[in-house]
Amino acid sequence: MSVSRPRLKMDLSSPTVWRSDGKNDPKATEMSSLACKTLALSQGATFEDRENYVARKLKNTKPRPPITSWWGLSGEVYWFQLILLTMVPTVGLIGAYYTPLRWETGLFAVLYYFYTGLGITAGYHRLWSHRCYNASNPLKYFLALGGVGAVQGSIKWWSRGHRAHHRFTDTKLDPYNAKDGFWYSHIGWLIIKPRIRPGTADVSDLARDHVVRWQHKFYFPLLFTMGFVVPTIIPWLFWDDLRGGYIYAALLRLTFVHHSTFCVNSLAHWLGEARFDDKNTPRDHVITALVTIGEGYHNFHHQFPMDYRNAIKWYQYDPTKWFIWICQQLRLASHLKTFSDNEVRKGELTMQLKRLRQQQDHIVWPQDSNDLPVVSWESYQKQSAERPLILISGLIHDVSTFIDEHPGGAPIVARYIGKDATTAFFGGVYEHSSAAHNLLAMKRVGILHGGMPHGADDRIIPPSQRLWVARYTELGSSSACSESEPSSTE
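The numbering of the sequence shown is my numbering, which starts it at 5 and goes up by one.
It should be emphasised that the hints constitute simulated quantities derived from the structure, not laboratory data.
All of these numbers come straight from a predicted model, not from anything done at the bench.
Any given hint could be a false lead.
Mimicking PhoX-like on lysine-lysine, the simulated pairs with C-alpha atoms at most 25 Å apart in a straight line are [claimed, not checked]:
no., residue 1, residue 2
1, K221, K63
2, K61, K221
3, K358, K283
4, K386, K423
5, K61, K176
6, K386, K358
7, K183, K66
8, K350, K283
9, K283, K183
10, K176, K160
11, K63, K358
12, K160, K283
13, K63, K160
14, K283, K61
15, K317, K358
16, K61, K197
17, K358, K341
18, K176, K283
19, K63, K176
20, K160, K61
21, K317, K183
22, K283, K317
23, K386, K447
24, K447, K423
25, K160, K447
26, K183, K221
27, K183, K63
28, K317, K350
29, K160, K197
30, K221, K66
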């Protein structure tokens with residue numbers, strides 16, 4: 005027994021698709037609507053769906069009123085964070101003045117700094133925010149406890165903000181927008197409520213992680229324990245330095261780990277080089293890497309965010325990368341993600357070509373052969389009697405400013421005035437250098453009628469122009485592709 009399927013019918017004046025049984029088909033209607041919009045776009049139509057998400061969101065978001073007085077400031081401050089970020093370093097510095105630092109406490113403070121810092125870099129950042137690798141439960145708990153000891157919010161809160169930062173980099177929806185200033189992206193965003201609510205990001209995967217749920221549920225007890233109790237009590241129990249533990253391993257260590265992370269949001273968007281892309285502000289610099297436990301190669305990271313590495317060269321400082329790699333060797337981590345080396349090198353080459361193009365645009369090049377006057381042989385010889393003109397490869401050159409500077413002496417140049425010196429220039433008398441060929445091209449003043457070599461003859465192209473950086477819009481255009489300015493790479 006065969007069952008007939010209802011046929012679909014589409015009204016061309018509307019995207020709604022009707023079945024033969026009189027009911028509309030929602031899935032087909034959705035596809036039809038998209039097709040209609042695509043067709044309209046191809047015909048030059050405009051519609052609101054063409055706006056990008058950021059522009060649409062900002063247009064439909066009412067900003068908070070500007071802060072116009074000190075009285076109005078009180079309601080615009082995150083007071084808990086302000087007190088934490090000011091009192092911890094203040095009490096720590098005052099306490100350090102009255103508390104001698106024992107070497108055991110100093111060493112422990114450094115080790116605990118790296119532990120809590122790795123909780124952020126290897127845990128909050130590369131594991132939970134970017135899913136750069138898979139971690140076993142013991143490693144997850146180890147990193148979750150270290151991260152909470154850095155007192156920077158729960159995994160869920162931190163990762164939501166960081167994913168939004170990557171999604172909306174350098175826009176008003178970026179929680180710590182670098183374009184709002186160095187200090188705002190460093191610490192201001194934690195203290196002052198933003199004028200525009202930051203964009204959102206999907207963290208539904210984290211809601212399924214039992215370690216994330218556990219840490220979020222018990223965040224404040226864990227914060228107090230790992231942030232203050234543990235670093236204070238260990239020096240007291242093992243070498244009787246309760247006060248030193250509290251001042252150096254708890255308060256000052258916490259201050260350093262705070263600003264270490266904050267530098268990723270500020271310094272990493274301000275100092276260094278855009279090695280892979282210059283669309284946004286992230287930069288690569290070794291100084292940032294040193295103060296952020298390896299998070300300083302930020303331009304690479306923003307281009308390849310799911311790569312477990314920040315530094316791809318063996319000599320670049322990225323202890324977080326080596327920590328994750330060691331965890332893999334110990335079978336505590338697996339599925340370490342790396343981007344294709346081909347795509348990484350492609351990004352690097354793109355930026356190198358951009359820099360070369362900038363240099364190329366600031367160099368004076370020979371006149372295009374299309375802009376030179378065409379001269380007959382008789383006119384060439386007549387003009388040569390008035391000024392020193394030499395013919396090489398069908399191009400006429402005025403050597404009046406160079407004849408006395410010629411390394412072989414003026415007589416050897418004078419011998420070819422009014423003549424064809426092509427053979428002599430290209431090895432008949434002397435095989436001239438690339439620099440000589442480049443300089444000669446700058447002396448062009450005309451083209452001999454009927455004497456121009458074929459365009460494929462590389463003798464008319466100076467060595468400096470045989471490799472040429474051209475934008476894709478220039479390829480194939482007569483202005484970009486000429487005998488003297490080849491648009492291809494060879």
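Verification of the supplied hints:
1. K221 <-> K63: Answer violated: K221 to K63 is near 36 Å, above 25 Å.
2. K61 <-> K221: 31 Å, violated
3. K358 <-> K283: Answer holds: K358 to K283 is near 12 Å, not above 25 Å.
4. K386 <-> K423: Distance of about 11 Å is within 25 Å: holds.
5. K61 <-> K176: 10 Å, holds
6. K386 <-> K358: 46 Å, violated
7. K183 <-> K66: 20 Å, holds
8. K350 <-> K283: 15 Å, holds
9. K283 <-> K183: Holds, at roughly 13 Å.
10. K176 <-> K160: Cα-Cα ~22 Å, so holds.
11. K63 <-> K358: Outside the cut-off at roughly 34 Å; violated.
12. K160 <-> K283: 29 Å, violated
13. K63 <-> K160: 28 Å, violated
14. K283 <-> K61: 21 Å, holds
15. K317 <-> K358: 22 Å, holds
16. K61 <-> K197: 18 Å, holds
17. K358 <-> K341: Measuring from Cα to Cα gives roughly 29 Å; hence the hint is violated.
18. K176 <-> K283: 16 Å, holds
19. K63 <-> K176: 11 Å, holds
20. K160 <-> K61: Satisfied, since the Cα-Cα distance of roughly 23 Å is no more than 25 Å.
21. K317 <-> K183: 29 Å, violated
22. K283 <-> K317: At roughly 23 Å apart (the allowed maximum being 25 Å), K317 and K283 satisfy the hint.
23. K386 <-> K447: Holds - the C-alpha atoms of K447 and K386 are around 18 Å apart, at most 25 Å.
24. K447 <-> K423: Holds: K447 and K423 sit about 16 Å apart, inside 25 Å.
25. K160 <-> K447: Judged against 25 Å, a Cα distance of about 67 Å means the pair is violated.
26. K183 <-> K221: 34 Å, violated
27. K183 <-> K63: Within the cut-off at roughly 19 Å; holds.
28. K317 <-> K350: 16 Å, holds
29. K160 <-> K197: Holds. K160 to K197 sits at ~20 Å (cutoff 25 Å).
30. K221 <-> K66: 32 Å, violated
Comparing the model with each earlier hint shows violations of hints 1, 2, 6, 11, 12, 13, 17, 21, 25, 26, 30; every other hint is respected.
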